[in-house]
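Peer 1: Sequence:
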Amino acid sequence: MLLRNPSPLPRTAWGETWRLLLALGAGILLFGMVLTEADAPGARPVPEVVPFIELVLGVAAIALVPLRRRFPLPVAVATAAFSGASSMAAGAALLTLVSLSTHRQWRPVAVAAGVSVLGGFTYEALRPSVEGLWAGLATIALGGLMVALVVAIGYYIGARRDLVVSLHDRADTAEREQASRVAEARANERALIAREMHDVLAHRISLVAMHSGALAYRTNLSAEETTQTASVIRDNAHLALTELREVLGVLRDPSAGTEAPGVEPPQPTLAAVQTLVDEEVALGRDVRASIRVADLESAPTALSRNAFRIIQECLTNARKHAPGVPVALTVTGGPGAGLDIRLSNAVPVMAPTAHPMPRSGMGLAGVTERAVLSGGELTFGTDRRGEFVVRARLPWRA
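The sequence shown begins at 2 in my numbering and counts up by one.
It should be emphasised that the hints constitute simulated quantities derived from the structure, not laboratory data.
Think of the CB as a built atom: it goes at the ideal place given N, C-alpha and C, for glycine as much as any other residue.
Among these hints, one or two may not hold up.
[Stated by the list, open to error] Label pairs and their computed distance ranges (CB to CB): (1) Ala-238 with Val-390: 27 to 37 Å; (2) Pro-396 with Ala-238: 29 to 39 Å; (3) Arg-171 with Ala-323: 56 to 66 Å; (4) Val-183 with Trp-107: 17 to 27 Å; (5) Ser-167 with Val-373: 37 to 47 Å; (6) His-169 with Pro-336: 12 to 22 Å; (7) Glu-370 with Gly-339: 14 to 24 Å; (8) Ala-238 with Pro-336: 32 to 42 Å; (9) Ala-272 with Ala-224: 29 to 39 Å; (10) Trp-107 with His-169: 24 to 34 Å; (11) Glu-190 with Arg-235: 47 to 57 Å; (12) Leu-119 with Val-183: 53 to 63 Å; (13) Thr-302 with Val-282: 19 to 29 Å.
Take the sequences, apply the hints, and build the full model.
Peer 2: The following block contains the structure:
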């Protein structure tokens, strides 16, 4: 019969040694008591070979003790059988029965316990004694109670081991879950930082790249135009650094909602959308904006900030992929009705340039994630009129 290992932890050398010494000591003590009783006045004579047989069987039983973990049931039955003819084997029989009981499987325990009781009865029937019948029966009953006590001790040890193993498993599971939560939190933090960095820098850096490209490839610019273009590059680089400081300030202290000495100002919100559109128009872009938002100033900070970043990223994408194409922006909504953002532009038909604008690969994916994190949704694609349309719907509780 295949039994499970009651404890996955390996035994130490000392743990095995003291158990073996305990079985040996108990066996020697009982064997000595039997020899003393055999020499008592009135005892039946015992053949000289009997003590030798008891000694041999006792040593054999003790030699089987180290094998009790590998063969728990056979070793327990063998030592119990030996104890029917050898008092010296009794200690080993009890120890192996305890070890078997720690598995907490009643069938093999019942077999070994039955053999132990039968062995005790056999030994009492065969051993020389000066006591009466009732004393012998009392000894057998006491042996049965001892077997029951040993089985109970084994069950208790097995239950305690299972509890310890369960606690270890729970601790390991909790540790792994904690490590997983920490790793997930770090990944989310990295994603947040990457998204914020992209949204802040992509808009300004694309402007810098566009105007620096004009300086590199347009040799017919006048001195005034060159100065103006360089000024735009400088201003956008400065704004990129400023907005980067704002984002880092919010990331370090997300609860900061107002300006304070030594604290970066908050990030731009819906109130700054018109300024963003004016910047695009000042750069020569054809952007037509319609902003009809009720109670704009009362919009939740997170909603207002995410809406601004979505609009900013959509304008940046339009500048990259559809330069010179008119862009229509509509922002409507209010408390209870939610916020609806729609940006559209015609899909340009043009050959790829030798030096296309660099792409980060995070634009639409980033704004989609922003919309989802805000509890809304974002869709994009080409409509029936051939226009590329991005539409975001964000919830706004009343």
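Peer 1: Each hint: holds or not?
Peer 2: Each hint, compared with the structure:
1. One distance hint, 27 to 37 Å for the beta-carbon pair Ala-238 and Val-390, holds here, with the actual separation near 32 Å.
2. For the pair Pro-396 and Ala-238, the supplied restraint of 29 to 39 Å holds, since their beta-carbon distance comes to about 36 Å.
3. In this structure the hint that Arg-171 and Ala-323 lie 56 to 66 Å apart at CB holds, the actual value being about 57 Å.
4. For Val-183 and Trp-107, the hinted distance range of 17 to 27 Å is not satisfied, since their beta carbons lie about 45 Å from each other.
5. One distance hint, 37 to 47 Å for the beta-carbon pair Ser-167 and Val-373, holds here, with the actual separation near 40 Å.
6. For the pair His-169 and Pro-336, the supplied restraint of 12 to 22 Å is violated, since their beta-carbon distance comes to about 54 Å.
7. In this structure, Glu-370 and Gly-339 meet the distance hint of 14 to 24 Å, their C-beta atoms being roughly 18 Å apart.
8. One distance hint, 32 to 42 Å for the beta-carbon pair Ala-238 and Pro-336, holds here, with the actual separation near 38 Å.
9. Checking the proposed 29 to 39 Å range against Ala-272 and Ala-224 shows it holds: the Cβ atoms sit about 38 Å from each other.
10. Under the hint 24 to 34 Å, the C-beta atoms of Trp-107 and His-169, about 26 Å apart, fit the expected range.
11. Separated by about 33 Å at the C-beta atoms, Glu-190 and Arg-235 break the suggested range of 47 to 57 Å.
12. Take Leu-119 and Val-183: their Cβ atoms lie about 60 Å apart, and the range 53 to 63 Å holds.
13. Taken as a hint, the range 19 to 29 Å holds for the pair Thr-302 and Val-282, whose Cβ atoms sit roughly 27 Å apart.
Checked against the numbered hints listed earlier, the structure breaks hints 4, 6, 11; every other hint is satisfied.
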